[in-house]
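Read top to bottom, the protein sequences are chains A and B.
The first sequence begins at 1 in the UniProt record's numbering and counts up one residue at a time.
The second sequence begins at 1 in the UniProt record's numbering and counts up one residue at a time.
Where hints are given, some of them may not hold.
Stretches of chain A that chain B covers, calculated by requiring three or more beta carbons in the stretch to come under 8 Å of a beta carbon on chain B [said to hold, decoys possible]:
1. 47 to 54
2. 89 to 100
3. 202 to 209
Label-pair restraints from in silico Cβ distances [what the hints assert, rightly or not]:
4. A:Ser140 - B:Arg308: 18 to 24 Å
5. B:Val289 - A:Ser40: 36 to 42 Å
6. A:Ser221 - B:Gly301: 25 to 31 Å
7. A:Gly23 - B:Ser13: 34 to 40 Å
8. B:Thr2 - A:Asp173: 31 to 37 Å
9. B:Leu23 - A:Arg22: 17 to 23 Å
Calculated from the structure, these hints are not laboratory results.
As the structure is a prediction and not an experimental result, all values here were calculated from the model.
In this text, a Cβ means the ideal position worked out from N, Cα and C, and glycines have one as well.
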Amino acid sequence: MFRLENVTKHYSRRGETVTALRGADLTISDGQYVAIVGPSGSGKTTMLSLLGGMLSPTTGKVWLDETSIYDLPVSARSVLRSQRMGFVFQTFNLVPYLTALQNVQIPLCLQGQSAADQEQRAVELLARFGLADRLQHRPSELSIGQQQRVALARTLVNDPRIILADEPTGNLDPESREVVLDAFDAAHREGRTIVVVTHDPVAAGRASRALTLRAGELTDSGANHEHHEFPQRRSA
Amino acid sequence: MTLRSMIWHELRSRPWTVLSNSLAILLGVAALVAIRHITVHSEQEVSQQLSQLGANILVLPQEATLQDYYAADQNGGTIPEEHVSEIYLAGLTGVEQVSARLNVPANLGGLDITLTGILPQSELEAQNAWQTTALFTAPKAHEGCKKAKLSTTDLESPESLVTHRAIQNLKPDELVLGADVAERSAFSAGDTLELLGRTFTILGILPTTGTVDDSRVFAHLHTVQDASGSGPVCNAIEVIGCCEDAAGDLVPDLRKLLPNTKVVTISQVVQTQVGVNRLMANTSLLVLVVLVVVGGASLAGAIAANVRERRREIGTLMALGATPSFVQRLFLGKALILGLTAGTLGCLIGLATAIVAGPAWADVTVSVLPMTSLLAVLMATGLAIVSAWWPARQAAALDPCLCFQEV
Numbered sequence: 001m002f003r004l005e006n007v008t009k010h011y012s013r014r015g016e017t018v019t020a021l022r023g024a025d026l027t028i029s030d031g032q033y034v035a036i037v038g039p040s041g042s043g044k045t046t047m048l049s050l051l052g053g054m055l056s057p058t059t060g061k062v063w064l065d066e067t068s069i070y071d072l073p074v075s076a077r078s079v080l081r082s083q084r085m086g087f088v089f090q091t092f093n094l095v096p097y098l099t100a101l102q103n104v105q106i107p108l109c110l111q112g113q114s115a116a117d118q119e120q121r122a123v124e125l126l127a128r129f130g131l132a133d134r135l136q137h138r139p140s141e142l143s144i145g146q147q148q149r150v151a152l153a154r155t156l157v158n159d160p161r162i163i164l165a166d167e168p169t170g171n172l173d174p175e176s177r178e179v180v181l182d183a184f185d186a187a188h189r190e191g192r193t194i195v196v197v198t199h200d201p202v203a204a205g206r207a208s209r210a211l212t213l214r215a216g217e218l219t220d221s222g223a224n225h226e227h228h229e230f231p232q233r234r235s236a
Numbered sequence: 001m002t003l004r005s006m007i008w009h010e011l012r013s014r015p016w017t018v019l020s021n022s023l024a025i026l027l028g029v030a031a032l033v034a035i036r037h038i039t040v041h042s043e044q045e046v047s048q049q050l051s052q053l054g055a056n057i058l059v060l061p062q063e064a065t066l067q068d069y070y071a072a073d074q075n076g077g078t079i080p081e082e083h084v085s086e087i088y089l090a091g092l093t094g095v096e097q098v099s100a101r102l103n104v105p106a107n108l109g110g111l112d113i114t115l116t117g118i119l120p121q122s123e124l125e126a127q128n129a130w131q132t133t134a135l136f137t138a139p140k141a142h143e144g145c146k147k148a149k150l151s152t153t154d155l156e157s158p159e160s161l162v163t164h165r166a167i168q169n170l171k172p173d174e175l176v177l178g179a180d181v182a183e184r185s186a187f188s189a190g191d192t193l194e195l196l197g198r199t200f201t202i203l204g205i206l207p208t209t210g211t212v213d214d215s216r217v218f219a220h221l222h223t224v225q226d227a228s229g230s231g232p233v234c235n236a237i238e239v240i241g242c243c244e245d246a247a248g249d250l251v252p253d254l255r256k257l258l259p260n261t262k263v264v265t266i267s268q269v270v271q272t273q274v275g276v277n278r279l280m281a282n283t284s285l286l287v288l289v290v291l292v293v294v295g296g297a298s299l300a301g302a303i304a305a306n307v308r309e310r311r312r313e314i315g316t317l318m319a320l321g322a323t324p325s326f327v328q329r330l331f332l333g334k335a336l337i338l339g340l341t342a343g344t345l346g347c348l349i350g351l352a353t354a355i356v357a358g359p360a361w362a363d364v365t366v367s368v369l370p371m372t373s374l375l376a377v378l379m380a381t382g383l384a385i386v387s388a389w390w391p392a393r394q395a396a397a398l399d400p401c402l403c404f405q406e407v
């Protein structure tokens with residue numbers, strides 16, 4: 001699925017060059033559940049952005065199957081994300097002026113699906129996350145846990161093969177965290193590829209493979225021994 | 001969910017911001033529409049008056065100023081009445097009608113009025129026939145002129161003072177009242193009244209013209225001369241040519257004939273009025289252009305601020321698959337709605353203002369000018385889109401990684 005070939009990313013900040021990723025070589029197979037861990041500023045989010053086709057590497061290539069992502073034009077990368085990827089954000093990133101239902105409809109709207117199809121699919125997803133009675137609520141009218149569930153529904157609504165998550169449990173109480181991790185486990189069972197950037201050892205422990213980033217250096221920790229083939233619930 | 005509904009929900013979520021963003025454009029369009037409507041109708045009115053009055057020429061005292069055609073004979077200076085005979089005797093080509101006027105202030109039952117002395121055409125014709133004993137001195141017809149000569153029947157009724165600025169018959173003890181004077185003094189045709197120590201019978205009441213003629217009382221020129229003690233003089237002589245071409249040729253001839261007078265065509269007088277109006281309209285337009293530019297700049301600033309506020313949302317949309325083109329259309333669509341709404345509302349407000357204020361400001365009745373209104377709305381919409389173009393491009397070029405940043 002994903003293949004990084006000698007990927008380096010430099011940032012220029014106030015005249016100084018910062019290396020966020022240094023010569024990374026990596027392969028993530030189809031259906032893997034990968035956790036990327038590491039201290040703050042180690043390049044985790046850079047790695048996620050590179051995988052998501054949102055940040056061009058300074059050198060090297062990022063492949064998704066047989067496609068070199070950054071050889072595609074910007075609009076084609078957008079279409080690629082729309083068709084194959086789903087994102088989960090630490091702060092949910094719900095659009096504040098849209099209802100829960102409308103927020104979940106966004107990826108389908110971007111794919112150009114009809115309003116009826118969008119609504120049917122979004123209602124189905126929200127009901128799956130126990131929000132059938134919150135369809136017309138705006139994010140400000142929902143609890144933190146409900147907001148993350150809306151965000152999860154939005155991630156899964158276009159049936160993505162890849163889920164990229166940035167600190168998905170960072171702002172959540174233990175109960176809500178469990179809902180998110182259960183959703184990832186379920187997605188993994190369905191054969192989706194999941195890449196989670198996290199500080200949370202519990203969240204990292206649910207992945208089948210762990211990668212560690214330190215000062216832009218990527219280390220593959222290999223198979224996660226805590227991972228179970230069929231993940232079970234764990235308490236926080 | 002569509003792009004349009006996303007724009008609509010965002011606009012609805014902050015109505016006051018939307019209002020303030022588009023207020024400058026709304027006011028600019030309202031002012032533009034109101035002024036254009038009044039100006040256009042005012043110009044049409046002047047043009048109509050010009051057309052009705054035909055090829056008129058005014059012979060005025062040298063010191064006269066040209067501000068208002070209808071009040072051109074109220075400058076105060078005088079010229080000898082005998083100029084009327086001189087004009088006839090000269091036998092100038094194209095002269096169709098000559099009318100002398102003398103104005104004196106008077107008081108009618110506590111009402112200050114202008115008493116205007118005029119010479120009826122019947123007396124002019126008699127004088128002309130008596131003085132011009134040979135055919136060769138009579139005014140010659142203008143070659144190629146297709147305009148029918150005025151017949152005496154055209155000038156029989158008092159209303160001809162309004163339509164043709166002359167009257168066929170007016171006895172020394174008869175008066176014709178302007179519309180305002182009649183209304184305020186409550187006199188009607190056939191009544192008698194005292195003026196300057198003389199008794200007059202009212203021959204008729206003129207219809208409303210919207211000019212100073214409404215506040216005049218017309219009497220026989222010689223009666224006014226005698227009653228005011230001004231002697232055989234007049235303030236102005238109006239010469240009506242048979243057509244515009246004749247008027248053009250007559251002016252130099254009259255200037256040569258009457259060197260101590262000022263000879264002007266009605267076009268010149270009206271052009272003075274139109275020129276003043278146009279100057280005002282152009283100045284207003286300049287102010288409006290500035291206002292519209294300010295409106296555009298204000299909207300551009302507002303959209304740019306909106307882009308800054310929504311950076312995280314834009315990044316998220318891009319992460320979810322929004323193309324740069326979608327993001328650009330998100331903001332251009334918003335500008336389109338703002339421009340269209342502000343333009344339409346501004347146009348309606350401007351129209352209402354013009355319809356209400358037109359009669360008061362410019363004595364014109366204003367009706368809707370569809371093309372002007374449509375143009376104003378399109379201009380506002382275009383301005384909004386042009387103003388939002390750069391901020392929208394900036395939004396489309398934002399880094400999608402913004403979606404990962406902490407709030």
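Q | Cβ separation of Gly23 (chain A) and Ser13 (chain B), checked against the hinted range 34 to 40 Å | A | At roughly 46 Å between Cβ atoms, Ser13 (chain B) and Gly23 (chain A) fall outside 34 to 40 Å, so the hint is violated.
Q) Does the Cβ distance between Thr2 (chain B) and Asp173 (chain A) fall inside 31 to 37 Å? A) With a Cβ separation near 36 Å, Thr2 (chain B) and Asp173 (chain A) satisfy 31 to 37 Å, so the hint holds.
Q: Can you let me know if the beta-carbon spacing of Ser221 (chain A) and Gly301 (chain B) is within 25 to 31 Å?
A: Cβ of Ser221 (chain A) to Cβ of Gly301 (chain B): about 51 Å, so the range 25 to 31 Å is violated.
Q) Taking the beta carbons of Val289 (chain B) and Ser40 (chain A), is their distance inside 36 to 42 Å? A) 54 Å, violated
(Q) Does the beta carbon distance between Leu23 (chain B) and Arg22 (chain A) stay inside 17 to 23 Å, or does it fall outside? (A) Since Leu23 (chain B) and Arg22 (chain A) have Cβ atoms about 53 Å apart, the given range 17 to 23 Å is violated.
Q | Coverage assertion for the stretch 202 to 209 of chain A with respect to chain B, Cβ distance below 8 Å, three residues required | A | As far as the stretch 202 to 209 of chain A goes, the hint is violated, because 0 residues have Cβ atoms under 8 Å from chain B.
Q) Would you say the stretch 89 to 100 of chain A counts as covered by chain B, given the rule of at least 3 residues with C-beta under 8 Å? A) holds (count 8)
Q | Distance restraint evaluation - Ser140 (chain A), Arg308 (chain B), Cβ atoms, bounds 18 to 24 Å | A | Once the Cβ atoms are compared, 21 Å apart, the range 18 to 24 Å for Arg308 (chain B) and Ser140 (chain A) holds.
(Q) For the stretch 47 to 54 of chain A, count the residues whose Cβ lies under 8 Å from any Cβ of chain B; is that count three or more? (A) holds (count 4)
Of the numbered hints given earlier, the model fails hints 3, 5, 6, 7 and 9; all others are met.
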